Amino acid sequence: MITRLFGFKGGVKPESHKNESSGTPIQKAPMPKRLVIPLRQSIRSTARCLVQPGQKVLKGEHIGEGEGGLGTSVHASTSGTVVEIAPYPMAHASGLETLSVVIEPDGEDRWIDHTPLDLPTVSREEALAWLRGCGIVGMGGAGFPTHVKVGGGRGIETLVINGAECEPWITCDDRLMRERAPEVLSGAMILRELIGAKQVLVGVEDNKPEAIAAMQAAASTLGDGIAVVPVPTLYPAGGEKQLIRVLTGVEIPQGKLGTDFGVQCFNVGTAHAVHRAICFGEPLVSRVVTLTGNVARPGNYEVLLGTQVAELLELAGPKADTDRYIMGGPMMGTELQSLSVPVTKGTNCVISASPALFPPPPPELPCIRCGACARACPAELQPFELYWFSRAKNFGKAQEYHLFDCIECGCCAFVCPSRIPLVDYYRFAKGEIWARERERQASDQARERFEFRNFRQEREKEEKAAKLAAKAAETRAKIADTGEPAPAPTEAEDPKKALIAAALARAKQQQAAVTPRNTEDLSADVQAEIADIDARRDKLNQQDADKAP
Amino acid sequence: MLTAILIMTGIAIVLGAALGYASIRFKVEGDPLVEKIDAILPQTQCGQCGYPGCKPYAQAISNGEADINQCPPGGEEGIRKLADLLGREFKPLSEEHGTEKPKSVARIDEQVCIGCTLCIQACPVDAILGAAKQMHTVVAPLCTGCELCVAPCPVDCISMVPVAETVENWKWKYPVHELRSVA
Amino acid sequence: MNLQSFRESAWNGLWRQNTGLVQLLGLCPILAVSTSVVNAASLGLATVVVMAVSNLAVASLRNFIPYEIRIPVFILIIAALTTVVDLAFNAYFHDLYLVLGIFIPLIVTNCIVLARVEAYAAKNDPVSSTVDGVMMGLGLVWLLAVLGGLRELAGNGTLFAGIEMIFPGLSAISVFGPDYPGFLIGILPPGAFFALACLIALSNVIRARAAKRKAATQEPAAPAADQPASAA
Amino acid sequence: MSARYTAARTSVRTAGIMVLFTVVFTALMSATFQLTRPAIEASALEGKMRLIREVLPPSAYDNALLEDSVALGRTPELGLDQGGHIYRARMAGQAAALVLEVVAPDGYAGRIQLVVAVGVDGRVSGVRVTAHKETPGLGDYIDPNKDRNKSQPWIGQFAGVSFADVGLEKWKVKRDGGNFAYRSGATISARAVTNATARAADYAIRNRDALFAAPAGGRL
Amino acid sequence: MTSYIFIIIGAVLVNNVVFVRILGLCPFMGVSKKLETAVGMGAATTFVLTLACGTSYLIDHYLLEPFDLAFMRTLSFIVVIAAIVQLTELVIQKTSPVLHQVLGIYLPLITTNCAVLGIPLLNVGLRHDLLESLLFGFGSSIGFTMALILFAGIRERLDGADVPTPFRGTAIAMVTAGFMSLAFMGFAGLDRFH
Amino acid sequence: MINSPYIRKPASVQGVMLAVLIALVPAIVVYASQIAAVVLVNLAIATCAALAGEALVLKLRGRPLAPALSDLSAVVTAWLLALCFPPILPWWATALGVLIAIVAVKHLYGGLGQNPFNPAMVAYCAMIVAFPALMSQWPAAGQLDFATQLGLVLGGARELDAIASATALDTIKTGLRTAGATVESIMGQNGNFGFVSGRGWEWLAPAYALGGMYLLARGIITWHMPAAFLGALAAISAAFWLVDPAHYASPLFHLASGGAMLGAFFIVTDPVSGATTPRGKLIFAASIALVAYIIRSFGAFPEGVAFAVLLLNICVPLIDMNTQPQVFGHRGDKAR
Ligand SMILES: Cc1cc2nc3c(=O)[nH]c(=O)nc-3n(C[C@H](O)[C@H](O)[C@H](O)COP(=O)(O)O)c2cc1C
Ligand SMILES: Cc1cc2nc3c(=O)[nH]c(=O)nc-3n(C[C@H](O)[C@H](O)[C@H](O)COP(=O)(O)O)c2cc1C
Ligand SMILES: Cc1cc2nc3c(=O)[nH]c(=O)nc-3n(C[C@H](O)[C@H](O)[C@H](O)COP(=O)(O)O)c2cc1C
Ligand SMILES: Cc1cc2nc3c(=O)[nH]c(=O)nc-3n(C[C@H](O)[C@H](O)[C@H](O)CO)c2cc1C
Ligand code: SF4
Ligand code: SF4
Ligand code: SF4
Ligand code: SF4
Ligand code: FES
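Residue numbers (this note's numbering), protein chains in the order written: chain V, 1 to 549; chain S, 1 to 183; chain F, 1 to 232; chain Z, 1 to 220; chain W, 1 to 194; chain Y, 1 to 336.
No wet-lab data here; the hints were simulated from the structure. No experiment lies behind these values; they were computed from the predicted model shown. For every residue, glycine included, the Cβ atom is placed at its ideal position computed from N, Cα and C. Take these hints with a grain of salt, some might be off.
As the list claims (entries may be wrong) - Derived CB-CB ranges, DEER-like:
no., chain 1, residue 1, chain 2, residue 2, range
1, V, Glu448, F, Ala211, 40 to 50 Å
2, W, Gly125, Z, Gly218, 35 to 45 Å
3, Y, Ser33, F, Asp179, 48 to 58 Å
4, S, Arg80, V, Val122, 51 to 61 Å
5, W, Gly125, F, Ala211, 41 to 51 Å
6, V, Glu460, F, Ile206, 52 to 62 Å
7, F, Glu8, Z, Gln34, 36 to 46 Å
8, V, Ala392, Y, Leu56, 23 to 33 Å
9, Z, Ala44, F, Leu170, 19 to 29 Å
10, F, Leu170, Y, Ser33, 48 to 58 Å
11, Z, Leu220, Y, Ala238, 43 to 53 Å
12, S, Ala83, Y, Leu154, 49 to 59 Å
13, F, Ile206, Y, Cys48, 30 to 40 Å
Unchecked claim - Beyond 12 Å from chain F on every Cβ pair, some chain Z residues (computed):
no., residue
14, Arg13
15, Ile17
16, Leu28
17, Thr36
18, Ala39
19, Glu46
20, Arg50
21, Asn63
22, Gln94
23, Gly110
24, Asp140
25, Gln157
26, Thr187
27, Arg206
28, Arg208
29, Gly218
The following block holds chain V by itself, in its conformation from the complex (with noise of 0.2 Å):
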């Protein structure tokens, strides 16, 4: 079916290390002793907490509500008792902490009741729900709900299904392919029923023969519109943008979704999760992971989301002489500033990393154009013009040179002969020009509001000066009418005391409403923080007026 290759341009090859963990057949991972489930497994969402400490819970029982376009559930992973909803640390690099489930395993691993989805007689919409109830999101690294992927868009030609795992040291695709290739494929085929997709590409890097193999025996079974495509092994041949490049010869810019462009793109971790989803019905509660590196016993586990790491190692056996662990590959992983952070969806790998695999890089020195680093970047970006103006903060410059193309797949820093940390440098760009928009927005939201504000008190005054010249007017009527010398001429005259004197009265009169003014015209976010801030204020209120008796 297929007939060419498209390549990519640059690309670096570093020493694959795939050999130490491959060879060993995926392992179900022990029981943990309590799991840390986040809430927040998708990339801009948490999800609303459903469950209470000291709640029992199934495995695969709802225990988190995704919220907002980008969100899906969380369940959890084992039958046991919730201990704790509290922030744990994340494998992310900030090291920040998020609100997770802590839950206390009762061993017995019971399932809660799930039936398969009969694919064929649901509407689409039905079925993106369910896979959104089953909690699937990205497994590739990403972690993008899978269900918004599939959702968008029609007109596919092509879905390509990322097997490439490109990055060194991580096997658990390759695994997962060798062992499971039919239940990837089903997924796969689901996938494509569901996108409407007329023909599948696996991509898998030729360095997977058997993987390759299992999954060409596999396709076979499946007709036509399908094929096992071994691509040459280059870094990062397994981004997406670079797969689909190399499968299709499509490039899609950054800012573009594949879909534009009729293709779409899923790991092989994802089509199985897709798999056991609409076949088995069940949620999306363990993945394959690879534990390498410096370790005794290199390999592939089949472990529960929320087990902590800590846990996870022992069953490698990091050697004395590891410094640090890394989370994901050496090119694009985190380096882990505390192991107490849990398996999540996106979890592929942990290394352990010593000094002697893994050398810290010599000192820093300065980029001297030789464009080594331009000639590896797969995005054809040119990397040092991005580092030049990022490390001035010349953030404008950095984005008229495609800083947002840039993927951070760390070729660039890679070969770079300075050693200079270039990916740094774009993830502070980038980050720093997220925080300008944000402020942007703050400080246009504030003019808003204070041009308005002025707008409201320019207001308020006419209307007051009306209603004490009307006031003043009646009084001199009265005065006329009755003769009585005027109460106090001298508070109608002088506009200060009459303000206050206007101020006084209409606080008095309105003292029952209490909605104050100041709060027109706002956005839904900011309307429900009131809702709630006076939530709590009647709440108050009510203690006080309790207490008052």
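Put chains S, F, Z, W and Y with the ligands on the given structure of chain V with help from the hints.
Frame of chain V, contents of chains S, F, Z, W and Y with the ligands only:
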């Protein structure tokens, strides 16, 4: 000598008349520069610049009355942008106008607040909720951190708390420059 | 005009607002004629004369000049005075006149002259305006002289070459002797840029030192003033 | 307030003031000009005379040499593309020497302007460079003011040498087989001046009679 | 014909106004921080300088020389230049608001650009005729614009350089201008045949 | 904290610069054996001056010495300069030139990687402008014995006529000024001429090319610049030569003489001050060749490569800006 005077006078008459006429005929209208400057200012409306709000400060810069380094909330970045816009040299924040601080928001200690409404009157962006004799609350997303509400409070119940770091607003730090750190 | 404001003017002109070092105005003559002390200083002095007299003239006549034609009138005044100086040079220092070439008439476009007239003389009394003009000009003179000296020394190894054009009896001093190979770039255009750059850098260093010293002397007083702030 | 009315009135008023200033300051300028005019003319004259004194001793003539000139049109022999002047020195009414404006077109960095004085006897009494762009410090020794050897400037070697004796063949720099010194590393400048001097002397000798015969202020 | 070409080459490269003649340095240093402004300033100067060269030639040739008023050159040239600048501004404002937006802020600065007076004065000194004057003015202003744009390009890049503190800002810009001037010396002699 | 990537290719600036130095060795061997052995002394002087200058600036700025001194980039600059200067240049002039390159051109902009101009070439231009006489005294290849050479370098009296002989380019150029001279007559007249660029000197060009090949093979430079430079130089010189062979030297002469080969592989290719985009590199190098030819043939200076490099350094920001390669996925986009 006479020819000199005659020739120059001729030139002068022509030019003087033309320019005098032109100065009336093509009078310059509104100043878009102020808008551009105002767009750069952070709209905190705190008055630390010595002007009652950002717009007046923008006006003053445009008139050449104020320098570009008087707005602490805008920080170095803001000064840089102003310098760029106005084609001037960057200069550090003027010390007499304050220092750049981490962004904070006001918080009212609800147990202490007596509901005097003074802070509501002070807040330039209507970020405080509450009515007379009721305890007041700051709507954090609206608060610009200008601190104007702090001073008027008769019971000192308003404090500025730094905005907490969350995953949403966390930023990668500037990479350490090894060359310097070795020294 | 009291002593205080005189000092202020002098300090401004000679150092703080020095035209060449700080304001970066009137650069062309500074760079073009600073090939020798004599050339540089004489053009500088010519500029002083024009600045002082035009400041005086404008300050005296400022009440008669309508706002809308002030610039043309200022230019007219400056141009006339420049021509006077030009003619005087032509008559009495003919050789120098030939050397300085178009840079005498170009005093007209020296932004600094117009800038001072516009910014100072148009708003102040004649005496202080004249002082301002003289001081601003002298700031230019010393800069020019130093620059000329540096370049002449580097380029030719002499000082005061061409002095005979002004004082016929005198002659140049050969500082490095006749065997000095001559670092010619000094008296060529690139040398002008480098020399001024070095002077600016030097003045930056001096200014930074002065600021630091000032900060250091203020240090003891500062905490007292800071107390309430830090308490708050 | 009618804009047109004000505009008209303002124009008249500003124009009036402008004129006033113009008159005053133009008058000032003109006055200065009148005042300095004699001095300027004297300076200019003195400048020229000084140059001529350097190539031709004042004792060699007694006429008002600057007024006794002939204008030349384009004269390729003298390198004059745009023409120039020749001044005639006479002693007691007798032809004494010619002072020629000459251009050497083949200097290292372009044209070199010279003044060459040639006696009626074919003796070159002096050569001076009046304008050149030769490399400072290298080729500029042709200008005695720039010559490092102040006591014996290079250009002085032509003074008193008779062109008639040396001849066109030998009036060259030594490197080209002639008689005259040059400074190594900058032969081109020396060669240009030497050759131009030769051409000038040759021209002066050959056209001597016609030149002296031409009317003063005339054109040849 | 070739002599006209040599006038242009000479004015643009060999005797570049900024780097060799050392004229017009205030705007060169002042308006070269950003590329866009440099382009704007260059365009405005080109227009005014070319026009000024033509006008000043006419004034010199038909008014000053016949009446022996050479001493009034400076005055009359500068007054005319100031007027050209002002009138240009008005005309542009009236006819093309867009162009005015682009050039507007630079026009007033041109009066004090000494190249605008210097080049017409040099024209007189070099005895150029009308066409030569115009070409010389145009070439010089192209040279000016080129210098400004190239300089702005380098300055934008210098923004991120770790320049020693005393040299930050103006001083390093001046050094850069010096190197550019050195580079332009390489063209020396190209107008030799002129 | 170290962030991803956690693995690095074993490449270093030091390695890159070392490769450049190694690539210069063949040429140095030819130079020392065929032309003037004193070049070895000059290389030593230049190296010392470069390191001393660098150390001085770093000290003044309070920066650590070790990383900058050990990166060898200053040594590259020093060697290139020593190879460009006349071998009998007095020692102080060599040192001064190197100090200009290192202090004024490199460190005034903040040191390695930040200088917009090529330090070696700026220094060469500055020196030829400052000391035109000294800088145009070249010995005839292999004519002076080592003691004389050393004496001249260490500041012995300079009997110009005895030692100086113009370079091939200079001879052609000054020769052509004489009316009636042709390339052939000059070549024939000057006995010390080899078949292209002077006896002894002609071996230098292939030696530089050999070093260049090594750099290409090592991936330190890309083909763009040498190819564009040599191609453009050959093309323009061929054009003039074909039209008028009597007054314009042959392409072979131009490629083999002056700084052409050194320039093509070592100078034009300076990564720091050159253009960086593939298209920009072609434009940059070809323009240098063009300008260099014009200056060589029509300008005041005998060799144009240095000035041409400097002139094009000035244009680099604009060239880079306007030749940015299309980014992945944006190939259809309109140019900015
Ligand atoms: C540089 C880079 C390398 C990547 N490598 C892989 C990979 O080897 N395998 C993979 O499945 N996803 C990889 N990804 C993630 C993919 O781009 C993409 O997010 C994923 O294939 C989409 O599928 P998902 O939504 O099912 O995760 C990589 C991403 C980047 C930026
Ligand atoms: C920058 C430079 C400027 C030069 N300037 C001159 C000059 O002004 N006059 C001159 O005769 N030669 C000059 N030369 C030297 C000539 O190019 C040539 O080398 C010399 O005239 C030939 O040497 P020779 O005079 O010993 O034969 C200069 C050389 C250089 C490199
Ligand atoms: C070329 C050069 C010249 C310097 N000249 C001086 C000087 O004259 N006086 C001085 O105190 N420091 C001088 N310094 C050092 C600086 O003042 C300062 O210590 C150093 O540049 C600190 O720079 P940084 O803040 O960028 O690290 C010079 C530095 C350099 C590189
Ligand atoms: C291929 C290559 C060529 C180089 N060429 C030069 C050169 O021409 N001039 C120079 O000063 N340094 C050169 N260098 C050294 C280094 O890049 C130079 O010192 C920097 O410009 C200093 O910031 C070169 C380095 C490399 C790798
Ligand atoms: S690889 Fe490193 S040194 Fe080379 S250009 Fe890129 S960032 Fe600069
Ligand atoms: S991290 Fe960004 S700039 Fe670097 S190679 Fe990858 S895509 Fe290119
Ligand atoms: S200091 Fe800044 S934020 Fe505060 S009012 Fe002034 S301009 Fe606005
Ligand atoms: S709540 Fe206080 S700090 Fe916040 S914006 Fe209002 S006045 Fe300023
Ligand atoms: S002095 Fe020449 S432009 Fe200012």
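Status of the hints after comparison with the structure:
1. Roughly 41 Å separates the CB atoms of Glu448 (chain V) and Ala211 (chain F), a value that falls within the hinted 40 to 50 Å.
2. Take Gly125 (chain W) and Gly218 (chain Z): their Cβ atoms lie about 27 Å apart, and the range 35 to 45 Å is violated.
3. Between Ser33 (chain Y) and Asp179 (chain F) the Cβ separation comes to about 35 Å, which falls outside the hinted range of 48 to 58 Å.
4. For Arg80 (chain S) and Val122 (chain V), the Cβ-Cβ distance of about 57 Å falls inside the hinted range of 51 to 61 Å, so the restraint holds.
5. Checking the proposed 41 to 51 Å range against Gly125 (chain W) and Ala211 (chain F) shows it holds: the Cβ atoms sit about 46 Å from each other.
6. Under the hint 52 to 62 Å, the C-beta atoms of Glu460 (chain V) and Ile206 (chain F), about 58 Å apart, fit the expected range.
7. Taking 36 to 46 Å as the suggested C-beta distance range, the pair Glu8 (chain F) and Gln34 (chain Z) conforms, at roughly 41 Å.
8. Range check, Ala392 (chain V) to Leu56 (chain Y): Cβ separation about 27 Å, and the 23 to 33 Å hint holds.
9. At about 24 Å, the CB distance of Ala44 (chain Z) to Leu170 (chain F) agrees with the hint of 19 to 29 Å.
10. A C-beta distance of roughly 57 Å is found between Leu170 (chain F) and Ser33 (chain Y), which places it inside the suggested range of 48 to 58 Å.
11. Separation of Leu220 (chain Z) from Ala238 (chain Y) is about 48 Å and conforms to the stated range, judged on CB atoms against 43 to 53 Å.
12. At roughly 53 Å, the beta-carbon separation of Ala83 (chain S) and Leu154 (chain Y) lies within the given 49 to 59 Å, and the hint holds.
13. Ile206 (chain F) and Cys48 (chain Y) have their C-beta atoms about 33 Å apart, which keeps the hinted 30 to 40 Å range intact.
14. A beta-carbon of chain F is positioned within 12 Å of the beta-carbon of Arg13 (chain Z); the least distance is around 7 Å.
15. Once the 12 Å rule is applied to beta carbons, Ile17 (chain Z) is inconsistent with being away from chain F; the minimum gap is 6 Å.
16. Once the 12 Å rule is applied to beta carbons, Leu28 (chain Z) is inconsistent with being away from chain F; the minimum gap is 6 Å.
17. The non-interface label for Thr36 (chain Z) is inconsistent with chain F: the shortest C-beta to C-beta separation is roughly 4 Å, within 12 Å.
18. A Cβ of chain F approaches the Cβ of Ala39 (chain Z) within 12 Å, the least distance being about 4 Å, so the stated non-interface status is violated.
19. Here Glu46 (chain Z) does not stay apart from chain F, with its beta-carbon only about 7 Å from theirs, under the 12 Å limit.
20. Taking the minimum C-beta to C-beta distance to chain F, about 9 Å, the non-interface status of Arg50 (chain Z) is violated against the 12 Å cut.
21. At the 12 Å boundary, the C-beta of Asn63 (chain Z) stays outside the reach of chain F, the nearest C-beta of that chain being 24 Å off.
22. Remark: the non-interface label on Gln94 (chain Z) is consistent with the geometry, its nearest Cβ contact in chain F lying 33 Å away (cut-off 12 Å).
23. No Cβ of chain F comes within 12 Å of the Cβ of Gly110 (chain Z); the nearest lies about 16 Å off, and the non-interface call holds.
24. For Asp140 (chain Z), the non-interface assignment is contradicted: its Cβ lies about 10 Å from the closest Cβ of chain F, within the 12 Å cut-off.
25. No beta-carbon of chain F comes within 12 Å of the beta-carbon of Gln157 (chain Z); the shortest separation is about 20 Å.
26. With a closest Cβ-Cβ approach of about 19 Å to chain F, Thr187 (chain Z) is found to remain outside the 12 Å limit, as its non-interface label requires.
27. The beta carbon of Arg206 (chain Z) sits about 34 Å from the closest Cβ of chain F, which is more than 12 Å, so the claim that it is off the interface holds.
28. Look at Arg208 (chain Z): its CB is around 32 Å from the nearest CB on chain F, clear of 12 Å, so calling it non-interface holds up.
29. With a minimum CB-CB distance of about 28 Å to chain F, Gly218 (chain Z) clears the 12 Å threshold, and the non-interface call stands.
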